[in-house]
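S.K.: Here is what each chain is made of, one letter per residue.
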Amino acid sequence: GAVVSQHPSWVICKSGTSVKIECRSLDFQATTMFWYRQFPKQSLMLMATSNEGSKATYEQGVEKDKFLINHASLTLSTLTVTSAHPEDSSFYICSAERGPSTDTQYFGPGTRLTVL
Amino acid sequence: AQSVTQPDIHITVSEGASLELRCNYSYGATPYLFWYVQSPGQGLQLLLKYFSGDTLVQGIKGFEAEFKRSQSSFNLRKPSVHWSDAAEYFCAVGEGYTGTASKLTFGTGTRLQVTL
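Going line by line, the protein sequences match chains A and B.
Residue numbers for the first sequence follow the numbering used here, so the first one is 1 and each next one is one higher.
Residue numbers for the second sequence follow the numbering used here, so the first one is 1001 and each next one is one higher.
These are computed hints drawn from the structure, not numbers from a lab.
Do not rely on the hints blindly, as some may be mistaken.
Said to hold, decoys possible - What the simulated footprint calls covered on chain B by chain A, stretch by stretch (three residues with Cβ under 8 Å from a Cβ of chain A suffice, anywhere in the stretch; the number is not a length):
no.	region
1	1042 to 1053
2	1106 to 1114
Stated by the list, open to error - Listed below are the simulated DSBU-like cross-link pairs for lysine-lysine, each with C-alpha atoms no more than 30 Å apart in a straight line:
no.	chain 1	residue 1	chain 2	residue 2
3	B	Lys1103	A	Lys41
4	B	Lys1049	B	Lys1103
5	B	Lys1103	A	Lys55
6	B	Lys1049	A	Lys41
7	A	Lys41	B	Lys1068
8	A	Lys41	A	Lys64
We put the CB at the ideal spot given by N, CA and C, even for glycine.
Based on the sequences and whatever the hints tell you, model everything.
M.R.: Dropping the structure here:
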C-alpha cells in the first residue's frame, strides 16, 4: 500500500505556456501533500505544503503565483507551472502523508518538465 | 534551521562487501530521521526511519541505521551489498510530529555504485 502516482511523467512545453502536474494517492487518503523540486544531481528542495481544502504554504523564495497548487480532494493535488520558462525546467516530485499520525511521506515517481 | 549533510557524493563498493553511508544532521530538538532510496524512474522509497526508542533501526532490503545523538549522526549500513542496491540514497530530517505534517529537509544524496 501507500502508492503515489504522478501524471505526466514527462512533459515538454514551449516558453510562456502553463503546465499542470497531477499527484494522486492511489490507496490512501492524504490530508497533506508536498511538492519538491530536484535539480540534476542535487537534493530535493521543498517548494510547498498542500493541505486539502486550504491554501498551500509556500517555502521562502518560491513564487506562489508561478507555482499554483490546488489540493481539491484527499487523493489529488495539482501543481501548475504558469508561464513556464526554461529556468523552470526541472524534476518535480510530490509526496503524500498518510494520515496525521504516521509522519511518513510516500513519494511519487516524479515529473520531468522541459521548457523550450 | 535544520540541515542534513551527506559527506560522500559517490561511493563504489564490490558486491558482497559491507556498506556504510554517512549522514550528519543539525536540529535543535529530537529529530525525526529518515533514509530514502531513489532509483531511476522510480519514486523515493522509504528504507527506514527513527522517531524514538531503540537507536538501532532495522529497515527494508537488509538495511539498518544507528542514531547517535552525541555525534549527530544517522549512518546507514548493510552487511552485504547486492548489485540491485545501486541507486541514490538520501538522508532526511523531519521537524517532527506536532499535530501537523512533518516538513523534510534532505541531504544532497550519495550515489552508490556496485561493482561485480
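S.K.: Against each hint, give a clear statement of whether it holds in the structure.
M.R.: Hints and how they fare:
Only residues whose C-beta sits within less than 8 Å of a C-beta in chain A count toward coverage, and the region 1042 to 1053 of chain B has 7 of them, enough to reach three; the restraint holds. Counting residues of the region 1106 to 1114 of chain B whose C-beta sits closer than 8 Å to any C-beta of chain A gives 4, which meets the bar of three, so the coverage hint holds. Restraint check for Lys1103 of chain B and Lys41 of chain A: satisfied, since their Cα atoms lie roughly 21 Å apart, inside the 30 Å limit. A threshold of 30 Å between alpha carbons decides the hint, and for Lys1049 of chain B with Lys1103 of chain B the separation of about 14 Å falls inside it, so the pair holds.
Distance check on the hinted pair: Lys1103 of chain B and Lys55 of chain A sit about 16 Å apart at the alpha-carbon level, within 30 Å; holds. For the given pair, Lys1049 of chain B sits about 23 Å from Lys41 of chain A by alpha-carbon distance, which is consistent with the 30 Å threshold. Under the criterion of a C-alpha separation no larger than 30 Å, the hint pairing Lys41 of chain A with Lys1068 of chain B is consistent with the structure, at around 28 Å. Pair hint Lys41 of chain A plus Lys64 of chain A holds up; C-alpha atoms about 25 Å apart against a cutoff of 30 Å.
In the structure shown, no violation is registered for any of the earlier numbered hints.
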